[in-house]
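Novice: Sequence:
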Amino acid sequence: MNVIRTAGATAVIVALLGAAAATVAWRGADTDPGTGALRLDRPGTLVVMDAKGTRVRQQTREGEELGTGPDCRRVAVAAGTLVCLRGLPGPFSSEVRVYRPGKSKPEVTLPVWGQPSRARVSPSGHLVAWTVFRSGDSYAASGQFSTTAGIYDLRDGKHYGSLEDFTVLVDGERTQPDDMNFWGVTFAADDRTFYATMSSKGTTHLVRGDLATRELTAQRTNVECPSLSPDETRIAYKKKVGADWQLHVLHLRTGEDTPLAAPAGIDDQAAWMDDDTVAYGKVEQGKPFVYTVPADGSGKPVKLVEGSSPSLTTSER
Numbered sequence: 001m002n003v004i005r006t007a008g009a010t011a012v013i014v015a016l017l018g019a020a021a022a023t024v025a026w027r028g029a030d031t032d033p034g035t036g037a038l039r040l041d042r043p044g045t046l047v048v049m050d051a052k053g054t055r056v057r058q059q060t061r062e063g064e065e066l067g068t069g070p071d072c073r074r075v076a077v078a079a080g081t082l083v084c085l086r087g088l089p090g091p092f093s094s095e096v097r098v099y100r101p102g103k104s105k106p107e108v109t110l111p112v113w114g115q116p117s118r119a120r121v122s123p124s125g126h127l128v129a130w131t132v133f134r135s136g137d138s139y140a141a142s143g144q145f146s147t148t149a150g151i152y153d154l155r156d157g158k159h160y161g162s163l164e165d166f167t168v169l170v171d172g173e174r175t176q177p178d179d180m181n182f183w184g185v186t187f188a189a190d191d192r193t194f195y196a197t198m199s200s201k202g203t204t205h206l207v208r209g210d211l212a213t214r215e216l217t218a219q220r221t222n223v224e225c226p227s228l229s230p231d232e233t234r235i236a237y238k239k240k241v242g243a244d245w246q247l248h249v250l251h252l253r254t255g256e257d258t259p260l261a262a263p264a265g266i267d268d269q270a271a272w273m274d275d276d277t278v279a280y281g282k283v284e285q286g287k288p289f290v291y292t293v294p295a296d297g298s299g300k301p302v303k304l305v306e307g308s309s310p311s312l313t314t315s316e317r
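Residue numbering for the sequence shown follows the working numbering, beginning at 1 and increasing consecutively.
Since the hints were derived computationally from the structure, they do not count as laboratory data. None of the values given here were measured: they were computed from a predicted structure. Check the hints yourself; a few may be wrong.
What the hints assert, rightly or not - With a straight-line cut-off of 27 Å between C-alpha atoms, the simulated DSS-like cross-links for lysine-lysine are:
no.: 1; residue 1: K201; residue 2: K239
no.: 2; residue 1: K201; residue 2: K240
no.: 3; residue 1: K239; residue 2: K158
no.: 4; residue 1: K287; residue 2: K201
no.: 5; residue 1: K303; residue 2: K52
no.: 6; residue 1: K158; residue 2: K240
no.: 7; residue 1: K303; residue 2: K282
no.: 8; residue 1: K239; residue 2: K282
no.: 9; residue 1: K201; residue 2: K158
no.: 10; residue 1: K287; residue 2: K239
no.: 11; residue 1: K52; residue 2: K105
no.: 12; residue 1: K52; residue 2: K201
no.: 13; residue 1: K287; residue 2: K300
no.: 14; residue 1: K287; residue 2: K240
no.: 15; residue 1: K240; residue 2: K282
no.: 16; residue 1: K201; residue 2: K300
no.: 17; residue 1: K103; residue 2: K201
no.: 18; residue 1: K300; residue 2: K158
no.: 19; residue 1: K158; residue 2: K105
no.: 20; residue 1: K300; residue 2: K282
no.: 21; residue 1: K287; residue 2: K303
Using the sequences and the accompanying hints, generate a full structural model.
Specialist: Structure (structure tokens):
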């Protein structure tokens with residue numbers, strides 16, 4: 001077993017949460033500007049990481065700058081909730097901060113064991129999720145990283161722990177291999193259903209999660225970093241094609257799989273700008289840029305803004 005995938009995993013998380021007060025106290029002199037300068041309640045604006053990948057920036061899709069926000073490594077926003085995943089020195093390695101409109105200080109701060117990878121907010125703004133890289137798992141080769149993902153409910157403060165603590169069903173059979181990795185959570189609007197990627201024994205699976213039953217059901221292989229469309233009929237994702245990833249859109253009802261007109265080699269969790277448009281990040285000559293591309297496989301990529309980790313502000317539901 002690795003260091004956290006044990007029957008005591010929940011106890012480890014509780015211990016980390018219990019230490020959060022000391023962590024916050026240590027940051028008494030924190031100069032993070034928070035989101036006071038951002039307009040999280042203005043729908044239809046872009047929130048991205050800046051070109052250095054260290055600070056949140058908000059602007060209109062037409063290019064008007066609206067303000068800068070907290071120091072983060074990954075960011076996501078929906079329904080007035082912004083989740084910021086930031087790297088830290090010390091034993092916790094990372095921290096999840098959750099902000100609300102007009103607030104200079106985070107509403108919730110959670111220590112996380114690992115290095116920042118992905119972040120997401122549910123359409124309602126009630127749930128936040130994160131993925132981190134970590135090392136030290138017993139099944140991994142020396143120096144190799146694994147991933148883990150977690151979910152937190154802002155309404156009642158419920159921490160769902162690691163997805164590794166959920167029951168996993170593959171082909172209808174319960175399975176719990178030691179080498180499971182999870183990443184790239186994306187939420188449905190019901191605040192119960194979500195999708196993520198699971199990896200085990202060299203195979204990646206799209207899994208459908210249920211927070212009420214704490215079950216994960218494998219749906220399809222070769223699906224990474226899923227992103228559920230606003231109408232919840234499709235998933236944009238990375239598909240391994242040869243040595244590279246290619247952005248695709250999967251139609252959940254028909255199983256039809258559509259390659260997008262983005263170049264190969266995109267290593268990002270895409271974001272939907274609307275039901276017809278997908279955004280993603282791409283590094284060019286050492287600088288990150290956000291592109292959009294039609295979700296039906298037509299057209300060609302359009303460079304939108306400089307930055308990374310794109311998401312779109314939405315109305316509160």
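Novice: Could you run down the list of hints and mark each one as holding or not?
Specialist: Evaluated hints:
1. K201 to K239: Holds, at about 17 Å.
2. K201 to K240: Holds. K201 to K240 sits at ~16 Å (cutoff 27 Å).
3. K239 to K158: Violated - the C-alpha atoms of K158 and K239 are around 33 Å apart, more than 27 Å.
4. K287 to K201: violated, 34 Å
5. K303 to K52: holds, 18 Å
6. K158 to K240: Roughly 35 Å between the alpha carbons, so the hint for K158 and K240 is violated.
7. K303 to K282: Holds, at about 10 Å.
8. K239 to K282: With Cα atoms ~16 Å apart, K239 and K282 stay inside 27 Å; holds.
9. K201 to K158: violated, 31 Å
10. K287 to K239: holds, 24 Å
11. K52 to K105: holds, 23 Å
12. K52 to K201: violated, 35 Å
13. K287 to K300: OK: K287 and K300 at ~20 Å, within 27 Å.
14. K287 to K240: holds, 24 Å
15. K240 to K282: Holds. K240 to K282 sits at ~17 Å (cutoff 27 Å).
16. K201 to K300: violated, 35 Å
17. K103 to K201: Roughly 44 Å separates the two Cα atoms, so the pair is violated.
18. K300 to K158: violated, 42 Å
19. K158 to K105: holds, 21 Å
20. K300 to K282: holds, 14 Å
21. K287 to K303: Holds - the C-alpha atoms of K303 and K287 are around 13 Å apart, at most 27 Å.
When the structure is compared with the earlier hints, violations turn up for hints 3, 4, 6, 9, 12, 16, 17, 18 and for no others.
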